[in-house]
Amino acid sequence: MANILSKFYVKTKPLSIKEYKENGGFEGLEKALHKMKPQEILDEVISSNLKGRGGATFPTGLKWQFTANESNETKYIICNADEGEPGTFKDKVLLEGCPFLLIEGMIIAAYAVGGTKGYIYIRGEYPKSKEMLRNAIGVLKDEGYLGDKILDTDFSFDIEVRSGYGAYICGEETALIESIEGNPGRARTKPPYPPNKGLWGKPTLVNNVETLANIPIILSMGAEKFKEYGTASSSGTKLISVSGSVVNKGVFEVEFGVTLKDIVYETCGGLTENSKFKFLQLGGSAGACLPENLLDTKLDFDDLRSRNISLGSGAILVADDTTCLLGFIKATAEFFEHESCGKCTPCREGNKHVTKLLDKIVNGVATVEDLEILKDVALTMKEMSLCGLGQAAPTALLTTLNYFEGEYNEHIKGYCRTGVCFMKGGEVVNE
Amino acid sequence: MCIVLEDKTMEIIDNVGNTPDKLLEVLIAVQESSEENYISEEQLVSVSKGLGVTLSKAYGVATFYSMLSLKQRGKYVIQLCNSAPCYVNKAFEIIRAFEENLGIKVGEVTDDGLFSLEFVSCIGACHMAPAVKINDEVFGNLDRFKVKSILEEIIRRER
Ligand SMILES: Cc1cc2nc3c(=O)[nH]c(=O)nc-3n(C[C@H](O)[C@H](O)[C@H](O)COP(=O)(O)O)c2cc1C
Ligand code: SF4
Ligand code: FES
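Chains as they are written, first to last, in our numbering: chain E, 1 to 431; chain L, 1 to 159.
Pulled out of the complex, with its shape left as it was, chain L reads as follows (with noise of 0.2 angstroms):
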């Protein structure tokens, strides 16, 4: 195993605490810790043995809560709103400019690895539905042009 990332790991565990019941903080710092928005098998490995709990109930909690991810994301993970208020505003046509704009389906991380797309419940913005979090930041009243300047507007900024 790297042993940076297994240190990396522990000294996540040492900030947050060592006890079981803080397992779910722990793999949630973890996960903000990476550059892929997601857990690797050698880090969840290491906080089974960091906190003391098997790598089974580990696993159970990372696959349980759905914004952790075992798998490899983007470096923006957009997370689409499928709720029935978003709905009412005509969600489906957001989830299909998306889709269309990235040319990758909702599960999949575009090629660069720059984006990745994900169905969310709601995220509380239903007041601008339809609305997306992309990482940390949410994005209200959308239509398809707001969509496509959203995306290259990041893209500018990652360049």
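Chain E on its own, in the form it takes in the complex (with noise of 0.2 angstroms):
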């Protein structure tokens, strides 16, 4: 298994500079504000395919460059440490088990554009990770890496830490902005995209923490010896963070151009005991639902796209068949009906048909009829919503819709096949 990001938090302790440098930690910002111009970082980051690790896997260095090119004074620098995308849980890890490695991607993110100040923005439900960003920055300050004249060079570059409190959609990156100025989190029209018109009005560069944390990586080792890793398409490794009926449970670190089989049966080590494969979610609640046969689906840029698939946040979710499939769908619903933030109409009534035409349907008095008008709204709000959340809400029931229409279909006939759902007048108790 590949480790040049896990590296770092399995074997320094997260708030010793000095086991951090052991590992290489520091390496690439010291080559990157000693030995290289703004623009050569952009090139390198650039030339390396790095593409985000948020979920949206836009190309990490024409993001760079777009807000290099703007000349105001103040340009910000965000790290987006949100993470609220059910089923993820892989920049905890980096947070927790080694927060440097973020922070010196995000001051050589600085360094390249023009950043004035950093904010990390990030969930209040991870206190701990909240409490050791917080350490870390202090540790940094007094070392001589944040602050005043970084390295004793001219650059001078801070880092505030800010909290997200109780809002999946604060993850989307001008909801974040928003959230950042004061205001509840509502996602913005865009354009204009936050690298030419961000936070209050600033040029802004929002990236996810494993985006960093690959940042310093790419630097030491050079564009060139990153792209080694993983496919043509897809430079590196990915974090997954596996849930649900497997083995090993938790966060991996693999090269892109694995197959979704080989991380169920061989990272994860297959299904827990006398379960049966149902269904893998890929890339959290947001994500398509892929049945069994096509588990040789890689995880490669290239490959996902020609399936219609979106890697999304990496998240892994696999369900076997003692999971009510609607019952499934129906908590993934009221996920998205309770963290759509209401702005715009396709995702706001959207969400809220969708949970009553799923109610009908886990009581068993749905009809044909009510399933073509669940099929309409879930593609009006795909086409329609205003922002990411409301447009991937319908992923899992489209897709479910489409490789396990039967399940639906016996559950309008009144006959559940897991027995979860009590039906035709009978009390139900998956609620």
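Honestly, the hints are just simulated from the structure, not real lab data.
Wrong hints could be hidden among the right ones.
[Stated by the list, open to error] Derived pair list, reagent style PhoX-like, types lysine-lysine, alpha-carbon separation capped at 25 angstroms:
1. L:Lys105 x E:Lys356
2. E:Lys149 x E:Lys117
3. E:Lys21 x E:Lys35
4. E:Lys343 x L:Lys22
5. E:Lys18 x E:Lys130
6. E:Lys202 x L:Lys22
7. E:Lys149 x E:Lys31
8. E:Lys197 x L:Lys57
9. E:Lys197 x L:Lys22
10. E:Lys117 x E:Lys190
11. L:Lys133 x L:Lys146
12. E:Lys360 x L:Lys105
13. E:Lys128 x L:Lys105
14. L:Lys146 x E:Lys343
15. E:Lys202 x L:Lys57
16. E:Lys190 x E:Lys382
17. L:Lys22 x E:Lys128
18. E:Lys141 x L:Lys22
19. E:Lys202 x E:Lys21
In this text the structure is predicted, and so the values were computed from the model without any measurement.
Since each chain sits alone in its own frame, please combine them into the complex, following the hints.
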């Protein structure tokens, strides 16, 4: 298994600068500040082919170049540590296991694009990670890695930690920016995109924790070496967080190119005793649910795109055959209904209709027409919603309607194969 | 209005910062200082005055972020994860176990004010699903027996 990222959180104590350096920490930063011009860093990140690890998989170097091209005197660097996608807990491992790595990435980013101030926006559900970050920033200030004249250069940069507090939408970059400004986190209309006009109207670079953690590694080993990991379309490694019915759950670092089957049966040791594979959801609650015959899909942006699947946050949820598909879809829909920011109609109203219809289905009182309406509403949400939340909310629904339509029809006929839903006027227990 | 409470709120604002962008941070700090894990109406008014934002703005932010509460909660806020990965690991059985053991439904507070139950979206503990959070602490790999012993342990500590 690859360990270019994981070696840091496995081998070093989180606040030990000494151990961090022994494992190659700050090599990237020293090289960047002392030996490279900002544009050389941008070129290196561009040629590394690194793509964002927060879900949208946008080329990182390009985003940096857009931000650098702006001539504003004030620019912000934001680390997105909101990690709210259900099934995702890989950033947490970096935040608590090696906070220096992502901070080093932020400092390099700031130097490369002309960033003047940094923010780490971390979800309120991670109080320990927040504490760890604050301590790490304190240590780095004392040691001259943050603050005025970093490493005796003319470059100064400081970072403030800001907290989310129970709003999944604040992981969306413009909602996150609204939240830092002290507002409810409602997504903004794009364009303008943050690199042009972000926090307080200034050019702003928003990157995910894992994306930033890759930066020091790319600079210290060089883009060419970095590209030896992974595949042609997808360089490097990916942290995946696996949950559900497998033997080994947790966070694993894998090289791009590995198949989902290898992840489930090799990395994670297969399904738990006596359970049978039902489906795998890739990318968290916003992701597609795949049947067994699609497990040959590779973790590779080209392969995924050709199958119309998105990697999302890299969360993998394995469900076994004791899981009621409809109960699962209903839990997913309720999540999105609760988390919708309410700004646009397709998402705000669509999610309500979807949960209502699913409620009818699990109660055994839905009709075939209800199923048609459900599809209609889901497609409207996907096409018409303002931000990624509403657009991706019906993904699990639409993919299961495609691959597991039988189980929907069974419920409409009043039968739940797992026995989780009590049908035809009986008591419903799966709420 | 209670002067002590207002003073306490102003002190928090002094510590956190008195610019409007600190609204959420201030509200978090106010709630964290409360035994009942909530922000009272009086405190919300003081915060809006102290930061120079309208009361409706303060209310809007306080109600948008679901970890903030304007309703009194238990000393121990039990947050039950109801996201899909926990569902796959049969979280609904755990939810029922908490309700039965405490004799309250999700959304309610026990009579003695010790516990309140609420749903929460994924808390990043899916590798030990089904999981819950009690104040700042996460408990995972739960079953009915563990639920009972966790509650008993807290009650013993509080006696
Ligand atoms: C509803 C929603 C939630 C999101 N949550 C997160 C998140 O928790 N963390 C994250 O890094 N990106 C999240 N994103 C993606 C961000 O908008 C943004 O693309 C990302 O932070 C950019 O960083 P990257 O290019 O390094 O991936 C979310 C997007 C949407 C639509
Ligand atoms: S899609 Fe949903 S979350 Fe996004 S802006 Fe519209 S209502 Fe808000
Ligand atoms: S889904 Fe419950 S902790 Fe993640």
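Next on the checklist: Hinted pair, alpha-carbon criterion (25 angstroms max): Lys133 of chain L, Lys146 of chain L. Please report holds or violated.
Outcome noted: holds, 14 angstroms
Next on the checklist: Would the hint linking Lys197 of chain E and Lys57 of chain L be met if the CA-CA limit is 25 angstroms?
Outcome noted: Holds, at roughly 24 angstroms.
Checklist entry - If you draw a straight line from the CA of Lys360 of chain E to the CA of Lys105 of chain L, is it 25 angstroms or shorter? => result holds, 23 angstroms
Checklist entry - Going straight from one Cα to the other, do Lys202 of chain E and Lys57 of chain L come out at no more than 25 angstroms? => result holds, 23 angstroms
Item to check | Pairwise hint evaluation, Lys105 of chain L against Lys128 of chain E, where the allowed Cα distance is 25 angstroms at most | outcome: violated, 29 angstroms
Checklist entry - Taken at face value, is the distance from the CA of Lys21 of chain E to the CA of Lys202 of chain E at most 25 angstroms? => result Not OK: Lys202 of chain E and Lys21 of chain E at ~34 angstroms, beyond 25 angstroms, violated.
Checklist entry - Regarding the pair Lys190 of chain E and Lys382 of chain E, is the alpha-carbon distance no greater than 25 angstroms? => result Holds, at about 17 angstroms.
Checklist entry - Are the Cα atoms of Lys105 of chain L and Lys356 of chain E separated by 25 angstroms or less? => result holds, 22 angstroms
Next on the checklist: Holds or violated: Lys22 of chain L and Lys128 of chain E, Cα atoms, limit 25 angstroms.
Outcome noted: OK: Lys22 of chain L and Lys128 of chain E at ~21 angstroms, within 25 angstroms.
Item to check | Given pair status - Lys190 of chain E, Lys117 of chain E, alpha carbons within 25 angstroms | outcome: holds, 23 angstroms
Checklist entry - Is Lys18 of chain E close enough to Lys130 of chain E, meaning Cα to Cα at most 25 angstroms? => result holds, 22 angstroms
Checklist entry - Is Lys343 of chain E within 25 angstroms of Lys22 of chain L, Cα to Cα? => result holds, 23 angstroms
The structure fails hints 13, 14, 19 (numbered hints given earlier, in ascending order).
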